[in-house]
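K.L.:
Sequence:
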Amino acid sequence: MPNGKPGDHPYTDIVFGKADIYSPVAAALVREIVTLADDKTQRALADLLNRKFNPHYRPDVPALERYLTMLRDELRKDALARGFEVDEK
Numbered sequence: 001m002p003n004g005k006p007g008d009h010p011y012t013d014i015v016f017g018k019a020d021i022y023s024p025v026a027a028a029l030v031r032e033i034v035t036l037a038d039d040k041t042q043r044a045l046a047d048l049l050n051r052k053f054n055p056h057y058r059p060d061v062p063a064l065e066r067y068l069t070m071l072r073d074e075l076r077k078d079a080l081a082r083g084f085e086v087d088e089k
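Heads up, the sequence shown is in the numbering used here, so the first residue is 1 and it goes up one at a time.
Any given hint might turn out to be false.
Okay, derived cross-link-like pairs now, DSS-like style, lysine-lysine, Cα gap no bigger than 27 Å in a straight line [unchecked claim]:
id	residue 1	residue 2
1	77	18
2	52	18
3	40	77
4	18	40
5	40	52
6	52	77
Everything labelled a hint here was simulated from the structure, so no lab data went into it.
Let the sequences and hints guide you as you build the complete structure.
P.N.:
Quick look at the structure:
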């Protein structure tokens, strides 16, 4: 049962605990996605990380990084199309 401590949930560990769960690349992508995504997308990402890429079950980190990169790129493109200023990387 979650108790609010590190290790409870990969999403909160990455976003709030600043932990590099999975890999530094994956963690950086999650943090960037959080700045671009709405609440619904953030909740879906949190659910995906816990369900499909649970760190306790040896997740496929390269597949996760590919997915996060695709999601980040999609969110950045959408933000730019709507006229938001987004850091160019």
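K.L.:
None of the hints should be skipped; say for each whether it holds.
P.N.:
Do the hints match the structure? See the list:
Restraint check for residue 77 and residue 18: satisfied, since their Cα atoms lie roughly 26 Å apart, inside the 27 Å limit. Only pairs whose Cα atoms come within 27 Å are accepted, and residue 52 paired with residue 18 is accepted, the gap being roughly 21 Å. As the CA atoms of residue 40 and residue 77 are separated by approximately 18 Å, the hinted pair is consistent with the 27 Å bound. With a CA separation close to 21 Å, the supplied pair residue 18 and residue 40 stays within the 27 Å bound.
A distance of roughly 18 Å separates the Cα atoms of residue 40 and residue 52; the hinted pair therefore holds under the 27 Å criterion. Distance hint between residue 52 and residue 77 is fulfilled; the C-alpha atoms sit about 25 Å from each other, no more than 27 Å.
The structure agrees with every numbered hint stated previously.
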